[in-house]
Amino acid sequence: MKININSKLMTQDSKPGLPSSPSGSPLDSRQSVKIKTDRLSLHYGSFQALKDISFDIPKCAITAIIGPSGCGKSTLLRVFNRMNDLIPGVRVEGKVTLDDLSIYEKTVDVVSLRKRVGMVFQKPNPFPMSIFDNIAIGPKSYGIKDKQELNNIVRWSLTQVALWNDLKDNLKKSSLDLSPEQQQRLCIARTLAGEPEVILFDESCSALDPEATMKIEELMVDLAKKYTIIIVTHNMEQALRVSDMAAFMMIEEDKAGRLVEYEKTNIMFSNPKDKRTEDYITGRFG
Amino acid sequence: MGSVERFSHLLTRSAKRKQDFRSIFSRSEKIQQFNIQHSAFSTAVKDRLRGRLAVWLRVALAVGMCFSLALLGGCGRPKTGVIIAGSTSVQPYAEVLVEGYAVLYHDDAIDVQGGGSSAGIAAAESGTADIGMSSRDLNEKERELWFVEIAKDGLAVIINPNNPLTDLTINQIRDIYSTKISNWSELGGSPAKIHIIAREEGSGTRSAFESLVMGEAEISPKAIVQDSNGAVRQLVADDKNSIGFISLGLVDQTVKALTLDGIVPNRENVINGTYSLFRPFLFVAGKEPVGAVKQFIDFTLSPNGQKLLEHEGLISSAIEGIENEEI
Amino acid sequence: MKKFKEKLSGRIFFIFALSSISVLALITVFIIVKGAPIIAKVGFFNFVFGMKWSPSQGEFGIFPMIIGSVSVTLGAAALGVPIGICCSIFLAEFAPAKMREFFRPAIQLLAGIPSVVYGFWGLLFIVPFIRNFFGGPGLSILAGAIILAIMTLPTIISISEVSLLALPRQYKEGALALGLNHWQTIWSVLLPAAKSGIVAAVILGIGRAVGETMAVIMVLGNAVAVPLSILDPVRTLTTNIGIEMGYASGEHQQALFATGIVLFVIIMLLNSFAQYITRKR
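Protein chains in written order, with our numbering: chain V, 1 to 286; chain H, 1001 to 1327; chain L, 2001 to 2281.
Calculated pairs, EDC-like style, for lysine to aspartate or glutamate (alpha carbon to alpha carbon, straight line, at most 20 Å):
#1 V/K123 with V/E218
#2 V/K123 with V/D209
#3 L/K2052 with H/E1200
#4 V/K140 with L/E2173
#5 V/K123 with L/E2173
Since the hints were made in silico from the structure, they are not lab data.
Use the sequences and the hints to build the structure in full.
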């Protein structure tokens, strides 16, 4: 497994006097890289939302993107499945690679990219149809028609999210009848049905109560054994609880989001290198 | 008067003037004062009334509008106007009569409407119209009304000019309209379904056709129905597989009138009786006509009126002598 | 004083509202009173299912006209619904904003054209076209269906478009994030989600088509017979009243009012159904 050395990990805004890591990447030799960003910048028309972001996301681990509200966390997350393309006037500079595939080339099929990189949203958004149809809709659109195969996929997906036993007799029920936590699980199951490699969680627990949040976090940790997980969260305890790597973002006066620090979570939280990181973690702002 | 006296006179005069002015000013001041007070008071009152007034005003406006609309709607009829309504066959001739009448009597307040013979007779009976026009004979009940025959009209059976046929017997026409014959090939033409066109049930033209041609047989319910002579003629002119019947006087070069058993449909043959399809044009009234209505009907029956009708293609019925005059 | 004003204006508005409902009640009572006797005399089944309509002979069966209404309306729906829904999808999902600003008022203009103008245009263009290209007299179910389809397009398009635009963004986002392309998103997720709005739009459009008279009276041919093909002339319940009311009297007139009762019931059912479906959302 190659380790990519990224010498531009720290931005120029880091405090003078602190040694910048010469070897760059905080990933250790056991971890292989799933997604790599290289000087990523993003503009909406004349407004720059992301500036010069470079870091590596390891495979089969949970990477958390944290920072104060409005710093561009969700924007960064949506770069990875190109959901930002939906916004008119968006322009991306720099490079983003998924397993050596540069995803912002013109030749890239966005539809198949989104099969590989799935997303779970902040508010559970099951489609207004039955539980079965919610999960089957992805595979059906990929071309799977065989009823038996669809049944298997539904069963498998619901099992992964621990919903199968509860719902197996009620698959025709409307998904809107489920509790929010179950709906969010259903959305995760729906994403899993497409057999993605990466799953993006965009503040997916913020609409849930603490008990439900805990259950979803357990599920995330479990899924991280097989999938690469990237989460955006404003809840630092959550980042501390579940993530392996943490990326701290902030905006400067020009309102563009930057990556301030990227480190293993336990190291960042116990010994942050940048003062701004320290201020945020200790709750002095944000 | 000495200068002093004059001066004091002037002074007192000017003083008086000043006093006058002062009193005038003070009066106007008082008026201003009063106005200010009054306007303050009136604003207060206005405010209180405005709310209620506004609502009442709007109510009154709305009601008033409704009333005026109703009145206007009801008052569409000019006081001296005559209303003639009924058969669409008679209608164009009535309009010609109205024009001629206007030239002679300087009265152009006569209104001619369609609606069909039955509608016209009903309108005359109820008084909705002063004169009802009918292109068929009246039935027993209708004969209780006042009526007069103003002309005779031939009934022409028409086909499209591109249709090679020129002659049919009455029996054949009857069979066509009862769909016993349904294809032009059965009559020697190229194979095509015959499109039969008839008038609506209340039409005098239809009644005349039913009694003169159909007899006991019924016009097929599958027939296309149009509600005026003009519409029937237009349709036959456009559709080469169609057949219809209209007032003889309305036949023009857009359609072809069939000869019946070899008899050409024209005025002469109606008068000499060889062309058997004709019907009376009647003016019907709810009561004995008086005033402008009587004057118009008299004009219609006069030599001038009858000449007009003959000129348009009808056969005069009022005065025998007219028939032999050349127009 | 203020309280009194409020109460007064409230009462006045109540009276106005009541007056519009009372007009509805008046019309309803009027038609029922005028039309019920003939239904009683002829018998409900004979009236509604009787095949012969011949007032001069005392025959009052309106079934051919019911078939006429149904066939013309179904034809209009078959033509108008797919086109309308496709248009609404185009406007909601594909059209750039400038195009939308041009299309929307243009479609609303269609709704503003008087129905008699539609009928006239149909008589001059659609009828000869059908006669020359498809055969038959041209005056036909097809002619009526085409005209009515065009007339119901504004209703269907605008309500469907609104239903699609009212869907929460999350549905589209979720579908796209799953790897569905734009068409799959529309077909599998958005259309089913907007189903109740679209169905309501269709039913309202159909309701309008059923009640249309002037536009179709000139192009249908008005034959009182059950049609065997879409190229045959027909008479609808509405055009029957339109043609004959001018000269009908006595039982004939009563029968026309009775036809009005049947129409009333049909349109009420359609409207209630549309309301029920929209409320279910």
